[in-house]
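Asker: Starting from the structure of chain A, add chain B where the hints point.
Protein chains: 2
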Amino acid sequence: MARISTYSFEEYVRLVEPFHGAVAPGVVVGGFMVDLAMSRMPEGTVFDAICETTACVPDAIQLLTRCTIGNGWLRVFNLGRFALSLYDKYEGQGIRVFIDPPKLEPWPEIKAWLFKLKPKFEQDEELLISQIERAGHSICGMQPVRIQAQYLKKKSRGSITTCPLCHEPYPAKDGVICLACQGKSPYTDFFPSHKNQDAQLFQITTAASVV
Amino acid sequence: MARISTYSFEEYVRLVEPFHGAVAPGVVVGGFMVDLAMSRMPEGTVFDAICETTACVPDAIQLLTRCTIGNGWLRVFNLGRFALSLYDKYEGQGIRVFIDPPKLEPWPEIKAWLFKLKPKFEQDEELLISQIERAGHSICGMQPVRIQAQYLKKKSRGSITTCPLCHEPYPAKDGVICLACQGKSPYTDFFPSHKNQDAQLFQITTAASVV
Chain A
132 MARISTYSFE
142 EYVRLVEPFH
152 GAVAPGVVVG
162 GFMVDLAMSR
172 MPEGTVFDAI
182 CETTACVPDA
192 IQLLTRCTIG
202 NGWLRVFNLG
212 RFALSLYDKY
222 EGQGIRVFID
232 PPKLEPWPEI
242 KAWLFKLKPK
252 FEQDEELLIS
262 QIERAGHSIC
272 GMQPVRIQAQ
282 YLKKKSRGSI
292 TTCPLCHEPY
302 PAKDGVICLA
312 CQGKSPYTDF
322 FPSHKNQDAQ
332 LFQITTAASV
342 V
Chain B
132 MARISTYSFE
142 EYVRLVEPFH
152 GAVAPGVVVG
162 GFMVDLAMSR
172 MPEGTVFDAI
182 CETTACVPDA
192 IQLLTRCTIG
202 NGWLRVFNLG
212 RFALSLYDKY
222 EGQGIRVFID
232 PPKLEPWPEI
242 KAWLFKLKPK
252 FEQDEELLIS
262 QIERAGHSIC
272 GMQPVRIQAQ
282 YLKKKSRGSI
292 TTCPLCHEPY
302 PAKDGVICLA
312 CQGKSPYTDF
322 FPSHKNQDAQ
332 LFQITTAASV
342 V
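In order, the protein sequences belong to chains A and B. Using this note's numbering, the first residue of the first sequence is number 132, and each one after it goes up by one. Using this note's numbering, the first residue of the second sequence is number 132, and each one after it goes up by one.
Okay, chain A solo, but in the shape it has when bound (with noise of 0.2 Å):
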């Protein structure tokens, strides 16, 4: 029976669910991907991981082993493929696991998915599931591969100062404002007049409120 880490095929799914919101393709795969790797990492071995894309992959990872986004041990460079690599944190050297095309033969319904084939209200998504848990890790290819050197350690922040714009912390190195105030920020309006207000008093009840 097909077994991802040290959970139930079925064991995993439940856990996949609350976690990414629905049980996708690529979060199954992602699982069976992660084991393989972990399978072949010599005992003891302190890893990191790297994804190679932002889709699914990620929350595999973060399930399965101790890397995560928020803890700098998972890095997402997003290459656009399915694939992951878990390497020895300090050395460098670990194991890249992927999707090998053409093994992807056997499981027509793994493959129309991988390579969208037919649109998604076409998929059977029953089936599919059944074709990943089946398949398991006889999709994946690997291979031996080591991370460039400036990965290997944390970049520290270095010191941490109050920008003189928007009145933050930010890491000095950054420059003499923060790098949002110097433009990279992902918001269209800043609402100054309204920014440290009371919490207590401060509400979004409609849209119509916050534009």
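Mixed in with the good hints, there may be bad ones.
For chains that are exact copies, the list does not tell them apart, and a pair is met inside one copy or across any two.
As a list, the in silico DSS-like pairs of lysine-lysine whose alpha-carbon atoms are at most 27 Å apart [claimed, not checked]: (1) K284 <-> K249; (2) K234 <-> K249; (3) K304 <-> K315; (4) K220 <-> K304; (5) K315 <-> K284; (6) K315 <-> K286; (7) K220 <-> K315; (8) K286 <-> K304; (9) K315 <-> K242; (10) K304 <-> K247; (11) K247 <-> K284; (12) K234 <-> K304; (13) K315 <-> K285; (14) K315 <-> K247; (15) K234 <-> K247; (16) K249 <-> K286; (17) K234 <-> K251.
I should point out that these hints are in silico values taken from the structure, not numbers from a laboratory.
Answerer: Quick look at chain B alone, frame taken from chain A:
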């Protein structure tokens, strides 16, 4: 008694540890920040999240909301500010919560930690966590924000094809070869001769075996 979302402070701390690997002060502060932002979202709003730092806060968001890196509902813009936003997924208006430095004055241990005023080994971890618990939301500021339209829609990866160099699936829009083969990979070495070898036979046993 301090509560973080539906959890007591102690329950939240117990949730953090296995996921993040430690009860890091940043995830605990982040918990209060997420809680504050959620409490200001109109009931029933389907929201996405933006985190302005890679440090710790993304894990608070992933633990307390349905937004994760792998489902794409959490995006990290590394602006170096200890701040996050929750916003209406479709309309883009939302609440930004940040640490407001003047409000740290009654909490010297939190201020020393956030501004790195003393080396980590001099930090009194127990006092720090206790100050964070007692301070709760009081160290936060809030402001309404609107997310740039470009970030409101999930960008489709478009059609998927096979890279002629690495033979892996990748989004065709990335170019005639995939981004990794264009030189954007974080690895130093590729071992093409090792690629696709039988997974059952493949194992890193010593560092030397992969160098």
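Asker: Against each hint, give a clear statement of whether it holds in the structure.
Answerer: Structure-based check of each hint:
When the C-alpha separation of K284 and K249 is checked against a cutoff of 27 Å, the pair qualifies only between copies, where the shortest distance is 22 Å, while the shortest distance within a copy is 43 Å. For the identical chains of this complex, K234 and K249 are intra-copy neighbours only, at 19 Å inside a copy versus 54 Å across copies, given an alpha-carbon limit of 27 Å. Proximity of K304 to K315 under the C-alpha cut-off of 27 Å is found in both arrangements, the shortest distances being 15 Å within a copy and 25 Å between copies. Within a single copy, K220 and K304 get their C-alpha atoms as close as 25 Å, which meets the 27 Å cut-off; across copies the closest is 33 Å, which misses it.
In the homo-oligomer, the alpha carbons of K315 and K284 lie at most 27 Å apart both inside one protomer (25 Å) and across protomers (19 Å), since each shortest distance falls under that limit. Taking the closest pair of Cα atoms, K315 and K286 come within 27 Å of each other both inside a single copy (20 Å) and across two copies (19 Å). In this homomeric assembly, K220 and K315 come within 27 Å of each other (Cα to Cα) only across copies, at 20 Å, whereas the closest approach inside a single copy is 31 Å. Taking the shortest alpha-carbon separations for K286 and K304, only the intra-copy value of 12 Å comes in at or below 27 Å, while the best inter-copy value is 32 Å.
When the C-alpha separation of K315 and K242 is checked against a cutoff of 27 Å, the pair qualifies only between copies, where the shortest distance is 26 Å, while the shortest distance within a copy is 38 Å. For a Cα distance limit of 27 Å, the shortest separation of K304 from K247 across copies, 14 Å, qualifies, whereas the shortest one inside one copy, 43 Å, does not. In the homo-oligomer, the alpha carbons of K247 and K284 lie at most 27 Å apart only across protomers (19 Å), although the nearest pairing inside one protomer, at 37 Å, exceeds that limit. In this assembly of identical chains, the alpha carbons of K234 and K304 lie at most 27 Å apart only when taken from different copies (24 Å versus 48 Å within one copy).
In this assembly of identical chains, the alpha carbons of K315 and K285 lie at most 27 Å apart whether taken from the same copy (23 Å) or from different copies (19 Å). In this assembly of identical chains, K315 and K247 lie within 27 Å of each other by CA distance solely across copies; the values are 24 Å between and 33 Å within a copy. Taking the closest pair of Cα atoms, K234 and K247 come within 27 Å of each other only inside a single copy of the chain (17 Å); across copies the shortest separation is 51 Å, beyond that limit. Proximity of K249 and K286 under a CA criterion of 27 Å is satisfied inter-copy only: 18 Å between copies versus 43 Å inside one chain copy.
In the homo-oligomer, the alpha carbons of K234 and K251 lie at most 27 Å apart inside one protomer (22 Å), although the nearest pairing across protomers, at 49 Å, exceeds that limit.
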